[in-house]
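Protein chains: 2
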Amino acid sequence: MEPHLFSPSDNPSDNVTKRELYRVAARLFKQKGYRATSMQDIANALGIQKASIYYYIRTKQDLLTAIGRAAMEMLLAEGERIAAEPLPPEEKLREILRSHVRLICENLDLFTVSLRELTPVNAGDHWGEVVALRDRYEALLRGILREGMETGAFRRLDEKLVGFAFLGMVNWIIRWVDPAGERSPEEIASVWEDLFLGGLKAEGDGAAAPSSAHHR
Amino acid sequence: MEPHLFSPSDNPSDNVTKRELYRVAARLFKQKGYRATSMQDIANALGIQKASIYYYIRTKQDLLTAIGRAAMEMLLAEGERIAAEPLPPEEKLREILRSHVRLICENLDLFTVSLRELTPVNAGDHWGEVVALRDRYEALLRGILREGMETGAFRRLDEKLVGFAFLGMVNWIIRWVDPAGERSPEEIASVWEDLFLGGLKAEGDGAAAPSSAHHR
DNA sequence: GTCAACCAACCAAACGGTAGGTAGAATTAT
DNA sequence: ATAATTCTACCTACCGTTTGGTTGGTTGAC
Numbered sequence: 023m024e025p026h027l028f029s030p031s032d033n034p035s036d037n038v039t040k041r042e043l044y045r046v047a048a049r050l051f052k053q054k055g056y057r058a059t060s061m062q063d064i065a066n067a068l069g070i071q072k073a074s075i076y077y078y079i080r081t082k083q084d085l086l087t088a089i090g091r092a093a094m095e096m097l098l099a100e101g102e103r104i105a106a107e108p109l110p111p112e113e114k115l116r117e118i119l120r121s122h123v124r125l126i127c128e129n130l131d132l133f134t135v136s137l138r139e140l141t142p143v144n145a146g147d148h149w150g151e152v153v154a155l156r157d158r159y160e161a162l163l164r165g166i167l168r169e170g171m172e173t174g175a176f177r178r179l180d181e182k183l184v185g186f187a188f189l190g191m192v193n194w195i196i197r198w199v200d201p202a203g204e205r206s207p208e209e210i211a212s213v214w215e216d217l218f219l220g221g222l223k224a225e226g227d228g229a230a231a232p233s234s235a236h237h238r
Numbered sequence: 023m024e025p026h027l028f029s030p031s032d033n034p035s036d037n038v039t040k041r042e043l044y045r046v047a048a049r050l051f052k053q054k055g056y057r058a059t060s061m062q063d064i065a066n067a068l069g070i071q072k073a074s075i076y077y078y079i080r081t082k083q084d085l086l087t088a089i090g091r092a093a094m095e096m097l098l099a100e101g102e103r104i105a106a107e108p109l110p111p112e113e114k115l116r117e118i119l120r121s122h123v124r125l126i127c128e129n130l131d132l133f134t135v136s137l138r139e140l141t142p143v144n145a146g147d148h149w150g151e152v153v154a155l156r157d158r159y160e161a162l163l164r165g166i167l168r169e170g171m172e173t174g175a176f177r178r179l180d181e182k183l184v185g186f187a188f189l190g191m192v193n194w195i196i197r198w199v200d201p202a203g204e205r206s207p208e209e210i211a212s213v214w215e216d217l218f219l220g221g222l223k224a225e226g227d228g229a230a231a232p233s234s235a236h237h238r
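Residue numbers (this note's numbering), protein chains in the order written: chain A, 23 to 238; chain B, 23 to 238.
Hints were generated in silico from the structure; no laboratory data involved. All the pointers check out, no bait thrown in.
Remember, identical chains collapse to one label, so a pair may be satisfied in a single copy or spanning two.
Below, in silico cross-link-like pairs of lysine-lysine (DSS-like), each with a Cα-Cα straight-line distance of 27 Å or less: (1) Lys72 / Lys40; (2) Lys82 / Lys40; (3) Lys54 / Lys82.
All chains, full assembly: derive it from the sequences and hints.
If you want it as structure tokens, here you go:
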């Protein structure tokens with residue numbers, strides 16, 4: 023596997039400018055949109071010539087999809103870690119919610135680009151890989167929902183629709199969150215735990231208020 | 023007020039081609055994105071010359087924002103109608119949920135463009151109006167949530183965060199719904215009523231009251 | 001003979017990408 | 001030790017194409 027492009031790597035051979043390129047591109051793609059951002063814009067922001075960018079990447083599309091893939095892989099790595107833990111489904115869901123919210127808030131440019139700009143047209147040939155990653159995450163989420171419904175922890179509702187509600191609620195963050203705002207990822211996740219897990223929890227299962235801290 | 027661009031008008035003076043133009047533009051903007059859709063593409067789809075489009079509109083931006091405004095105004099009209107009805111907050115919320123889901127499903131192109139392509143950069147000078155409409159709808163929704171929390175029908179949770187969860191869940195439809203799919207707007211809304219209103223409902227308000235009911 | 005509805009031809013600007021080159025550090029050959 | 005070579009990290013200059021938008025008409029119905 024390649025060294026990750028968005029976390030500072032210890033590998034000295036992996037260039038600083040390249041990581042800067044991806045960071046700056048993500049910021050501009052978020053601000054202006056993928057199509058409206060020219061390679062010249064990116065070059066200007068980096069203080070280099072446009073042609074120099076092509077020393078690091080092959081095409082503009084590759085730049086976009088690399089950014090998108092990075093976001094998806096973060097999500098998936100956390101998701102798979104949590105799914106593998108020996109926890110009851112409601113705790114897994116809670117953890118997924120927390121990690122998803124936190125990842126978006128802490129990598130806002132990355133996720134905004136990934137969710138808004140990474141469309142079939144913009145991704146071109148790479149769209150297949152993108153969809154594959156997304157599908158793995160959705161399957162993982164639905165697996166937890168199904169588990170909860172089978173063990174009786176959750177009410178029996180349409181898995182897909184509940185999953186989409188979850189993803190919509192969480193991914194919508196990019197539309198309103200203020201990176202300098204007072205709401206921390208923890209606060210956001212905490213309210214939504216009450217709301218979402220509350221709505222999902224089977225009625226009369228003992229614990230009334232799904233606020234926080236109980237058995238694990 | 024102008025005759026509405028997306029519902030067949032009885033006004034014979036308002037041209038068919040103009041409505042076709044908006045319909046086709048919305049479809050193409052959804053498929054390829056605003057920037058990637060050229061005026062030539064639209065002209066080709068209409069079977070007329072590119073220059074003829076400029077008989078109906080002034081700029082490409084105007085075309086986009088007119089589409090976006092139409093979507094927002096639908097939402098707002100329904101919202102204001104419901105908010106004015108003499109209903110308890112949970113019924114108002116249920117109605118808003120139903121109408122929002124239905125409007126999106128029945129005007130998928132319109133709402134997809136409005137939610138994905140109508141960005142500050144793309145809308146340019148018109149962005150202000152767009153934001154104003156959006157804010158009115160959000161205020162309306164939060165008003166209902168606040169009302170419910172004050173009357174004790176809903177649990178006391180952060181209004182804004184609950185509102186964003188609602189909007190995220192619902193608006194995310196454009197990302198997964200299949201217009202020819204088997205899930206009707208009614209089915210979707212019905213599951214989400216259970217989920218969302220279930221999570222929001224104050225505990226021990228009659229239905230399936232657990233004995234240990236307490237709240238914070 | 002007016003006017004709504006359309007058209008062909010054009011334009012300046014901007015676009016992604018390429019060709020071909022260079023300074024200097026690092027590596028290898030002698 | 002030094003000369004020859006290769007490699008990294010850029011650069012200037014340019015190309016073909018596409019873009020939103022304009023100009024100056026034409027056509028057919030009333």
